[in-house]
Amino acid sequence: MSGAKSWDADRALSLVQGLERLPGALLPILHALQEEFGYVDKAAIPLIASALNISHAEVHGVISFYHDFRHEPAGRHTLKVCRAESCQAMGCESMIRHVEERLGAKLGGTTEDGGVTLEPVYCLGNCALSPAVMLDGKLYGRVSSEVADFLIDDARRHA
Amino acid sequence: MSVKVYIPGDAAALSVGADSVAKAITDQIASRRLDAAVIRNGSRGMFWLEPLVEIETPRGRVAYGPVSTADVPGLFDAGFLEGKPHKLHLGLTEEIPYLKNQERLTFARCGITDPLSLSDYVSHGGYRGLERALKMTPEQIVEEVTASGLRGRGGAGFPTGIKWKTVLNTAADQKYIVCNADEGDSGTYADRMIMEGDPFVLIEGMTIAGFAVGATSGYIYIRSEYPHAFRQMKRAIKIAYDKGYLGANVAGSGKRFDLEPRMGAGAYICGEETSLLESLEGKRGQIRFKPPLPAIKGLFGQPTVVNNVISLATVPIILDKGGQYYRDFGMGKSRGTLTIQLAGNIKRGGLVEKTFGLTLREAIDGFGGGTASGRPLRAVQVGGPLGAYFPVSLLDTPLDYEAFAERKGMLGHGGIVVFDDTVDLAHQARFAMEFCAVESCGKCTPCRVGSTRGVEVIERVIANDDRAKNLELLNDLCEVLTDGSLCALGGLIPYPVQSALKHFPEDFDKPAPLPPPQAAGRTQERPSWR
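Residue numbers (my numbering), protein chains in the order written: chain A, 1 to 159; chain B, 1 to 530.
Worth double-checking, as some hints may not be accurate.
As the list claims (entries may be wrong) - Here are the computed lysine to aspartate or glutamate pairs in the EDC-like style, where the Cα-Cα straight-line distance is at most 20 Å:
no.	chain 1	residue 1	chain 2	residue 2
1	B	Lys234	B	Glu103
2	B	Lys321	B	Glu103
3	B	Lys234	A	Glu35
4	B	Lys283	A	Glu146
5	A	Lys138	B	Asp19
None of these hints come from the bench; they were simulated from the model.
Looking at chain A on its own, in the form it has when it is part of the complex (with noise of 0.2 Å):
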């Protein structure tokens, strides 16, 4: 995501540290990284295991459990298309095709020129309105292949 910082294991540690104490505080911590370095970088592992007691295994096997956590840093932007059921009802298949030969990357996959990282979710709660598009965390509703392209080029042209 575009804003993240490269991987720091000064500014990693301050992060776990500030959250170590909450009850439950794997997925807080986890997402603090993410929001900080735009990833889980794998170094953090060891950090996040001494901090809270745990093993490696156990982090990462969290780590790896949800669909959230990258293990590497995504596009400067990201493109989540929803592919549920109530989308799929007002045609999002056709325009997710059209997005990723528009893009050239597949669901899950990044543009060659690290431009936009294009990923599926399963309901963006805009059901009333799809189908939804959520682009660098603002949602998007009735969107068909021409408002698809105009929200990419338009974020392509900002970053």
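Take the given structure of chain A and dock chain B to it, following the hints.
Chain B only, in chain A's frame:
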């Protein structure tokens, strides 16, 4: 006295441009030197009219919509600040039939108040439920909720009062209230609307739950797909702390209740209560064996109430007006109101809070106005991805827990997804299995392995590869999933599959084999980690 202009700040309204409309209106107010104030309310839930702009007039609130930025100068020219006519003029908001024909109890304030104004909340009946609860014993509060007949609105429909009673009667030093805001079912958005449009009602409901069972701490587990709702809840919680409605001395009662929002991380299974608890504890969101029930051994091993957003947000009105008042709405064993969410291929998609008993047809045609595409309706999926697909012949089914169960369906969280005649139910059945494979927590074999085998078997059926034998295999697999899965994900995924087979057999009997769609599940994103 400045004119009040209401423009929703709800995520769905924003998704169709409410922010730009708000900016255009603010600019016009400034450049025309008018005396008007813009308020960002929640949504009224009439999404086909969003962005819906309302003006407060002496006659009541007048609505205009859907407003685009291009319409704004013309609206001012037409005198919309006085509620004057314009092509987008919809009359008095309360008189719009879609809204007028509802019974809004849980959503009484949503779209009307400024969601982050505690004084608005209180002047519209907020915190009256808590006030009454503070004069009652815990047993009396639980009794009131039991008397209301409220059943868990997350989908399972378990009586809320009985759950609370179990927690109340389980002695422990620490108990918890956990709000399940992991609203992952496609076709549902009522939880999101409440969190964005009336967050204090959820805070009040959780506080009452805390006092009822003796819990001093609560968590709201909000899915990460709802960043807007998460921010809104966080702001509302801070305001409630600042004004003394949360913390060591709630509303001067001397009683403590602390509340914290936590963000999920994109796992559908965390909407299952035991997975959610694991996730809150910082673990993989794998489900737990039951028993012990979370009410006895829940979060961090302590007695825990886990309730859905709508269940908890309904508690304040029950305490305010009494269990009997709420109970007088509804039918059979389904008491009170259901928050129906119209979604998918529907002309007038939105939230309809209505006494239990409305039929599917009345909801879809009466409120929804039929399909958005104008093509004939062919299938309806109620209750999210684990809900059955119903054909037109079942549209007279009343929206009631038992009526749906009798027809091998489930009401779930009240989401209704409409499909027109372009839908291919074999494809939908395949998707159901694929979804289960992507979202399975992996703990039990039927769900973890069965879902992947399910995708393969359905693909063979579609490809007309030994069809009769594979259909038999599919039914067999569904039986194993139903009987052998640990939780509702694997246990209910046969619903969409078998209902598609039963009601739409022709879709599984087509000659031309379709090329199987690319399996674009999330598992592909990160092969090295899975």
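Do the hints match the structure? See the list:
1. B:Lys234 with B:Glu103: Distance ~29 Å between Lys234 (chain B) and Glu103 (chain B) Cα, so the pair is violated.
2. B:Lys321 with B:Glu103: Status holds; Cα separation ~15 Å.
3. B:Lys234 with A:Glu35: holds, 17 Å
4. B:Lys283 with A:Glu146: Distance ~41 Å between Lys283 (chain B) and Glu146 (chain A) Cα, so the pair is violated.
5. A:Lys138 with B:Asp19: Distance ~11 Å between Lys138 (chain A) and Asp19 (chain B) Cα, so the pair holds.
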